[in-house]
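Q: If you want the building blocks of each chain, they are given just below.
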Amino acid sequence: DIQMTQSPSTLSASVGDRITITCRASETINNWLAWYQQKPGKAPKFLIYQASNLESGVPSRFSGSGSGTEFTLTISNLQPDDFATYYCQHYNNYDVTFGQGTKVEMK
Amino acid sequence: QVQLVQSGAEVKKPGASVRLSCKASGYSFNSYDLNWVRQAPGQGLEWLGWMNPNKGTTDYAQKFQGRITMTRIASISTAYMELSSLRSDDTAVYYCARGVLKGGFDNWGQGTPVTVSS
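Residue numbers (our numbering), protein chains in the order written: chain A, 1 to 107; chain B, 1 to 118.
In isolation and in its complexed conformation, chain A is listed as follows:
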């Protein structure tokens, strides 16, 4: 099974910061990677698909990049609404695996 490892586990930041979260796959995953935002008590929200494509309605300060085994989620000009936990997700025809999550908290 493919393993997804996110870093860091927790990130302290301030409004206006630019932050980057990394997701590493245990083997090449051909860009089949998505990112989600989750707030306490709520279902995850779909942000990015195929590593770098922004889902409709998601603010442009969110961006994704990477290929092969290493991927990043970047939030530029962090807003108060962005403090949340972020998950990467690998998917293919047979399996789905989530990273363990990165909590973005207020510094």
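Rather than coming from a laboratory, the hints here were simulated on the basis of the structure. C-beta: ideal position from N, C-alpha, C; glycine also. Any given hint could turn out to be false.
Unchecked claim - Which chain B residues stay away from chain A? Per the calculated CB distances, all over 12 Å, these: (1) 8; (2) 13; (3) 21; (4) 26; (5) 27; (6) 31; (7) 54; (8) 56; (9) 66; (10) 74; (11) 80; (12) 89; (13) 116; (14) 118.
Said to hold, decoys possible - Estimated spans, in silico, between C-beta atoms of each pair: (15) B/74 with A/94: 21 to 31 Å; (16) A/77 with B/56: 41 to 51 Å; (17) B/73 with A/9: 36 to 46 Å; (18) B/89 with A/41: 13 to 23 Å; (19) A/52 with B/28: 26 to 36 Å.
As the list claims (entries may be wrong) - Using 25 Å as the maximum straight-line C-alpha spacing, the simulated DSS-like pairs for lysine-lysine come out as follows: (20) B/13 with B/63; (21) A/42 with A/107; (22) B/12 with B/63; (23) B/23 with B/12; (24) A/42 with B/12; (25) A/107 with A/39; (26) B/102 with A/42; (27) B/55 with B/23; (28) A/45 with A/103; (29) A/103 with A/39; (30) A/42 with B/23; (31) A/103 with A/42; (32) B/102 with A/45; (33) B/23 with A/45; (34) B/23 with A/39; (35) A/45 with A/107.
Take the given structure of chain A and dock chain B to it, following the hints.
A: What follows is chain B alone, placed relative to chain A:
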């Protein structure tokens, strides 16, 4: 708009089974895979499996094979997930989520809390 509405909270004893429902609206139920994901208290997201509502075919995460069953009643656009032989570590919020061809899960239900306790 697309909506996935899940059934209410459940409390079960160890060894019992639980059957959760997920009613879809706002799109063609048969056209999108339906996934189930759970989240234990304070933990991350864990995928349980998916179902093709059109064909009724399923694929379960290896960890749950043998005690999970996903079904549907297409006429009422409702999917079901049954988990048997419940243990305390099955305590979690269970979500249904629509899978999309471009990859990922674009719409999620509100979640169903399941508590397993003696």
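Q: Now look at each hint and say whether the structure bears it out.
A: Against the structure, the hints come out as follows:
1. The Cβ of residue 8 of chain B sits about 16 Å from the closest Cβ of chain A, beyond the 12 Å cut-off, so the non-interface label holds.
2. The non-interface label for residue 13 of chain B is consistent with chain A: the shortest C-beta to C-beta separation is roughly 26 Å, beyond 12 Å.
3. Separation of residue 21 of chain B from chain A is adequate, the least Cβ-Cβ distance of about 16 Å exceeding the 12 Å criterion.
4. With a cut of 12 Å on Cβ distances, residue 26 of chain B stays outside the contact zone with chain A, its closest approach being about 15 Å.
5. Residue placement check: residue 27 of chain B keeps its beta carbon more than 12 Å from all beta carbons of chain A (closest about 15 Å).
6. Every CB of chain A lies more than 12 Å from the CB of residue 31 of chain B, the least distance being 17 Å, so the non-interface label holds.
7. Remark: the non-interface label on residue 54 of chain B is consistent with the geometry, its nearest Cβ contact in chain A lying 16 Å away (cut-off 12 Å).
8. For residue 56 of chain B, the non-interface assignment is confirmed: its Cβ lies about 17 Å from the closest Cβ of chain A, beyond the 12 Å cut-off.
9. Chain A leaves residue 66 of chain B outside its interface by the beta-carbon criterion, the shortest separation being 17 Å against a cut-off of 12 Å.
10. Listed as a non-interface residue, residue 74 of chain B keeps its Cβ farther than 12 Å from every Cβ of chain A; the least gap is roughly 22 Å.
11. Separation of residue 80 of chain B from chain A is adequate, the least Cβ-Cβ distance of about 19 Å exceeding the 12 Å criterion.
12. Every C-beta of chain A lies more than 12 Å from that of residue 89 of chain B, the closest at about 17 Å, which supports listing it as non-interface.
13. With a least beta-carbon separation of about 20 Å from chain A, residue 116 of chain B lies farther than 12 Å from that chain, consistent with its non-interface assignment.
14. No Cβ of chain A comes within 12 Å of the Cβ of residue 118 of chain B; the nearest lies about 26 Å off, and the non-interface call holds.
15. As the Cβ distance of residue 74 of chain B to residue 94 of chain A is approximately 24 Å, the hint placing it in 21 to 31 Å holds.
16. For the pair residue 77 of chain A and residue 56 of chain B, the supplied restraint of 41 to 51 Å holds, since their beta-carbon distance comes to about 46 Å.
17. Range check, residue 73 of chain B to residue 9 of chain A: about 41 Å between beta-carbon atoms, so the 36 to 46 Å window is met.
18. A hinted range of 13 to 23 Å for the beta carbons of residue 89 of chain B and residue 41 of chain A is consistent with their spacing of about 21 Å.
19. One distance hint, 26 to 36 Å for the beta-carbon pair residue 52 of chain A and residue 28 of chain B, holds here, with the actual separation near 28 Å.
20. Between residue 13 of chain B and residue 63 of chain B the alpha-carbon distance is near 21 Å, which keeps this suggested pair within the 25 Å criterion.
21. Among the hinted pairs, residue 42 of chain A with residue 107 of chain A is consistent with the structure: their alpha-carbon atoms are about 23 Å apart, no more than 25 Å.
22. With a C-alpha separation of about 20 Å, the suggested pair residue 12 of chain B and residue 63 of chain B falls inside the 25 Å cut-off, and the hint holds.
23. Under the criterion of a C-alpha separation no larger than 25 Å, the hint pairing residue 23 of chain B with residue 12 of chain B is consistent with the structure, at around 22 Å.
24. The suggested pairing of residue 42 of chain A with residue 12 of chain B holds, with an alpha-carbon distance near 23 Å, which does not exceed 25 Å.
25. For the hint linking residue 107 of chain A to residue 39 of chain A, the alpha-carbon distance of about 17 Å falls within 25 Å, and the restraint holds.
26. Taking the CA atoms of residue 102 of chain B and residue 42 of chain A, the gap is near 24 Å; set against the 25 Å cutoff, the hint holds.
27. As the CA atoms of residue 55 of chain B and residue 23 of chain B are separated by approximately 17 Å, the hinted pair is consistent with the 25 Å bound.
28. A C-alpha spacing of about 15 Å is found between residue 45 of chain A and residue 103 of chain A, which places the hinted pair at or below 25 Å, so the restraint holds.
29. The straight-line distance between the Cα atoms of residue 103 of chain A and residue 39 of chain A is roughly 10 Å, inside the 25 Å bound, and the hint therefore holds.
30. The hinted pair formed by residue 42 of chain A and residue 23 of chain B meets the criterion: a straight-line CA distance of about 18 Å does not exceed 25 Å.
31. The straight-line distance between the Cα atoms of residue 103 of chain A and residue 42 of chain A is roughly 14 Å, inside the 25 Å bound, and the hint therefore holds.
32. The straight-line distance between the Cα atoms of residue 102 of chain B and residue 45 of chain A is roughly 16 Å, inside the 25 Å bound, and the hint therefore holds.
33. Annotation: proposed proximity of residue 23 of chain B to residue 45 of chain A holds, straight-line Cα distance about 19 Å (limit 25 Å).
34. For a cut-off of 25 Å, the pair hint linking residue 23 of chain B to residue 39 of chain A stands: about 23 Å separates their Cα positions.
35. Between residue 45 of chain A and residue 107 of chain A the alpha-carbon distance is near 23 Å, which keeps this suggested pair within the 25 Å criterion.
Every hint, counting from the list given before, is met by this structure.
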